[in-house]
Structure formats: C-alpha cells, structure tokens
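Following the hints, position chain C against chain R.
Going down the list, the protein sequences come from chains R and C. Each residue of the first sequence is one higher than the one before, counting from 1 in our numbering. Each residue of the second sequence is one higher than the one before, counting from 1 in our numbering.
What the hints contain is simulated information worked out from the structure, not anything from laboratory work.
Stretches of chain C that chain R covers, calculated by requiring three or more beta carbons in the stretch to come under 8 Å of a beta carbon on chain R:
#1 50–63
#2 83–96
A few chain R residues that don't get close to chain C, going by computed Cβ distances all over 10 Å:
#3 Ile22
#4 Ala33
#5 Asn38
#6 Lys39
#7 Met52
#8 Lys53
#9 Leu65
#10 Val124
#11 Trp133
#12 Thr136
Positions of the beta carbon are idealized from the N, C-alpha and C atoms, including for glycine.
As a plain string of letters, each chain reads:
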Amino acid sequence: MKGNQEVIDALNAGLTIELTAINQYFICSKMCADWGVNKLAKHFYAESIEEMKHAEEVIDRILYLEGIPEIARYDKILVGDNPEQQIKDSHTLECKGVATYNEAIQLCLEVKDAGTRELMERMVVESEESVDWAETQFDMIKMVGLEKYLAQQFGESAGE
Amino acid sequence: METEIATLIPTCRFAAAGEAGGVLCHCTGVGEAAVHEMVQSEGVKTVEEVMHRTGAGTGCGACHCRINRVLDGLPASCGGRFDLCGGCGCISAICQCVAA
Numbered sequence: 001m002k003g004n005q006e007v008i009d010a011l012n013a014g015l016t017i018e019l020t021a022i023n024q025y026f027i028c029s030k031m032c033a034d035w036g037v038n039k040l041a042k043h044f045y046a047e048s049i050e051e052m053k054h055a056e057e058v059i060d061r062i063l064y065l066e067g068i069p070e071i072a073r074y075d076k077i078l079v080g081d082n083p084e085q086q087i088k089d090s091h092t093l094e095c096k097g098v099a100t101y102n103e104a105i106q107l108c109l110e111v112k113d114a115g116t117r118e119l120m121e122r123m124v125v126e127s128e129e130s131v132d133w134a135e136t137q138f139d140m141i142k143m144v145g146l147e148k149y150l151a152q153q154f155g156e157s158a159g160e
Numbered sequence: 001m002e003t004e005i006a007t008l009i010p011t012c013r014f015a016a017a018g019e020a021g022g023v024l025c026h027c028t029g030v031g032e033a034a035v036h037e038m039v040q041s042e043g044v045k046t047v048e049e050v051m052h053r054t055g056a057g058t059g060c061g062a063c064h065c066r067i068n069r070v071l072d073g074l075p076a077s078c079g080g081r082f083d084l085c086g087g088c089g090c091i092s093a094i095c096q097c098v099a100a
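Only chain R is shown next, with the shape it has when bound in the complex (with noise of 0.2 Å):
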C-alpha cells in the first residue's frame, strides 16, 4: 500500500534512533559485562534486543507502505565510559525517540494513518518506560551514593 511520503520520512526518523539504540546498549551491556557490573550489562543486553524488535517492526511498516528504509543511518553512539553515564546516554536516546515519535503520531493524525500512529504509540509507550526505568537509577543513585548502587549491580550472570 503506497503510503504518505511524510509518514515514511517520520517512520526512517525512528528507525535511526532505533537502530542507533541496538548497538549503543549493546556496547554498553558488553562494556558493563566486562567491569562486572552483571546485573546492568543484563539489562542493556535486553534493552538491545527489544530495540531489534522495534527496528524490526518499524522496517516492515515503510516496506508495507512502499518506503525504502533508511537502515544505514545512525545518530552519534554514545558510549559512556562507567555504568552511571551510560545510563544518562540511554536517558538521553530514549527521550529523543519519545519526541520523536510523539511528533510523528500528531503526523499519523493530520494524514488519517491509524496504522502507523497505532505502532509508533506502542514505541512511545516503551521508551517511556526506558527513561522512566533511567530515571528511577538516578533517583537510587541520589539516595544511596553510586558506590552503593553498583555494589548491588554486580550480580552473577553476564550479559547474554
């Protein structure tokens, strides 16, 4: 189905930060994995893959409407060099992709494209709660000290 051209440009505009997310959590899990931080290195590892998970469905909706999707375009990777500036690098993508896709949704209205608005809404509501689960690290970090909060990250498993 040929779609709106916008739409298509607003959905390329998430598959950037999508994919820029995929690799910039996996550097982190991996980095975080290495130090020994487990428990942050399983969560940047999960956080990846959902990202493939959304990358993947953002590349079907613009072959769906007929877009090319723009899959070698990626936004600056942050790669914080300790665990608590990491976590502000993934605050920091997660609140562009919560604009962002808020922004296309407000298109996905203008232009009658229920199908799109329903997906990007499912991709607000989840970077949502990536910066939500950021900021809650902010907050525990504010309370019991960054010592404290790492001594309870280190964990037992690695990052796979």
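Frame of chain R, contents of chain C only:
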C-alpha cells in the same frame, strides 16, 4: 579500554563530515557536495551515473531520492519536519540546537 573505545566513536553520521551539505549516502559515506560537484562539473544527469562515478546509492538505495534532488538542482534534504539535524540528530520539528 574505555578510552580506546571512546576515541573510536565517530561524530554524528549525518553531520557535515568536513563538507557542506553533510552525508548524502550513509552506506558509502559520500557527501552531498561531492555529488553536487559532479553534477555541476561533469554534467551527470542520472542516478545510475552518480552511482557509477561516486559509489553513492549503491548500497541500500534509500538515498536515491536525495540524489534525484541534487540532480534537479535542489538541496539533498527535502527540508521537511522529519529531516534530521546535522548537529544534534533530532528531527527538525523538535531540534533546538545551535546547528539548526
């Protein structure tokens, strides 16, 4: 290890990588200025010629619309609200950075 990785991080992929207009083809890294120059100086008229001469457009194909715009004498970017800012990577509808 962290420092080594940090030094390998590229700058924003769609930021102007040393040339005006920024990256046109994200698969090959060919910039808008290189394609524009070819159109101006060598009279290239088709996407296929651009692909053959610069390599741009030979990957995923998503940039063909941008190549067509340059061939038409227009900026590669259509200037819509979902264009990505070369500075912060946000869509132009929400971008508030100084590069906007």
